[in-house]
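Kindly produce the complete structure, drawing on both the sequences and the hints.
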Amino acid sequence: MLQNKNMEKFEIRGVWWLPSDDSIKVPGLLKYNSKDGGSLELFGTLFNGKQDDVIINGESTSSDKITLNRCILSNFTRTNKYQYTDYFAPEIFFNVHFTDPTQIKFSEMYCHFSNTQEWAQLAGFKSEQDIFENKLVLTQSLPTKRDIQIDDKVTMSFFLQVHNPVFKKEIFEDINITQRVFFSFIFTDEYSYDMIEEFYIRHLQHFLSLATSNPIYPIDLMGKTKHNTITEDGKEYNPLVKIFLHLGEFEKRVRKTRHFNMLFLLRDINDSIEMYLQNWFSNKELLQPTIGLFLGTLNNINLFTENRFLNLSNSLESYHRRKLNTKKYSEEEKDILLQTILANIDKKYEQDISEKLKYIDEVSLRRRIKDIYELAENILSKFYNRKDFAHQVTLVRNYYTHLDRKLKPEVDKIDIHRLMDNLEITLIICLLIEIGFSLDKIDEMLKRRPDYNLLTTLKS
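Count the sequence shown with the working numbering and you get residues -8 to 451, in order.
If you are wondering where the hints come from, they were derived from the structure by calculation, not from laboratory data. It is possible that some hints are incorrect.
No more than 20 Å apart at the CA atoms, straight line, and that leaves these computed lysine to aspartate or glutamate pairs for EDC-like [as the list claims (entries may be wrong)]:
#, residue 1, residue 2
1, K215, E188
2, K339, E276
3, K215, D180
4, K56, E32
Structure below.
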């Protein structure tokens, strides 16, 4: 059974040292909460004149091995008798001593994300009440674990993890049993934590965020590494490393979302889940800039209107450039055009003009919108008129980018919030196409959402 410490808050006393000099050990207090990350308060100092020690090792009073990674010196105080040192520690690894960042590798990773229980709709419990025998029976039956081959490096699966019942008082007045959805990544070899986090955990996080229409965060994170091998009774094993991250104020950003307000659920992809996830992960490097900017915009409710609009329009341009990449001219035509222009200008302007013409083959934003619209015309035509939409998006983008006062009177006539809603739905459809959903399935899923149905009624 997977078990983790309280991801929200804890304090641990212990001794701490630098991997480069473990002869000097200093007592201190490690504090952690998910909002602020880790902070280490040392009753002394480990500073040795070097600036390259980003790892601090420690051992708690209960003999837990601890590694603090990416440590930043935040405060140093010296009095006549004592020295005190504080460090910020955004990454904490329990049950292991890594002595160098290159050692932070894992062969297995287990993640529990926020909001995934509602998305998965996996039922592990069943209750039966017999009123004649005055009996209530609660049974637990875990769904079969399902392996999904993501690529040649990793197999992913998801499963229910159930905590043992918690009994309050000896007379059992209250019983608490908790189930959570976990995702596992089993790798063919050990890979760096940074690579796993960027290309697998974060990309799955983005997939789930798109599915749930909500910010998603890793609440529990654990991994397996060969760097903490323990031998007991002649047998070797590797205890799970528990990972605690600095998540910021994620609880304020996460909304309690019911399944009927989500874009798609596990049951929508269950029959072909391997295909959908393979499509998503195979595009991770190509589409990551688009996905990161788009979902970061959707999940940040504090953005100003101007920033939100520009981020959405930039996401649309990024998607077109990376996926469709329509050009005005072929490479041969572009070279001939550049040579012709440069041959007919004064040499002293050649470098400046050459720089300005570097992107002469790029198509306009209007053309990009036209190309994307044609990918799902039957759906998008329910939300807006393409020509009007392209004109308004281009006009507002140019105004917010260049602040041309001549454009302001026309911009003031545009419902920019509705325009952003239509940009959002366009990008969502693009990403659903990349996942592998058919246009009919996308149309069906959108019709389940009351907010998207409302947008279709507002089409002018």
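Each hint tested on the structure:
Between the alpha carbons of K215 and E188 the distance comes to roughly 14 Å, so the proposed pair stays at or under 20 Å and holds. At roughly 40 Å between alpha-carbon atoms, K339 and E276 are farther apart than 20 Å, so this suggested pair is violated. As the CA atoms of K215 and D180 are separated by approximately 11 Å, the hinted pair is consistent with the 20 Å bound. At roughly 17 Å between alpha-carbon atoms, K56 and E32 fall within 20 Å of each other, so this suggested pair holds.
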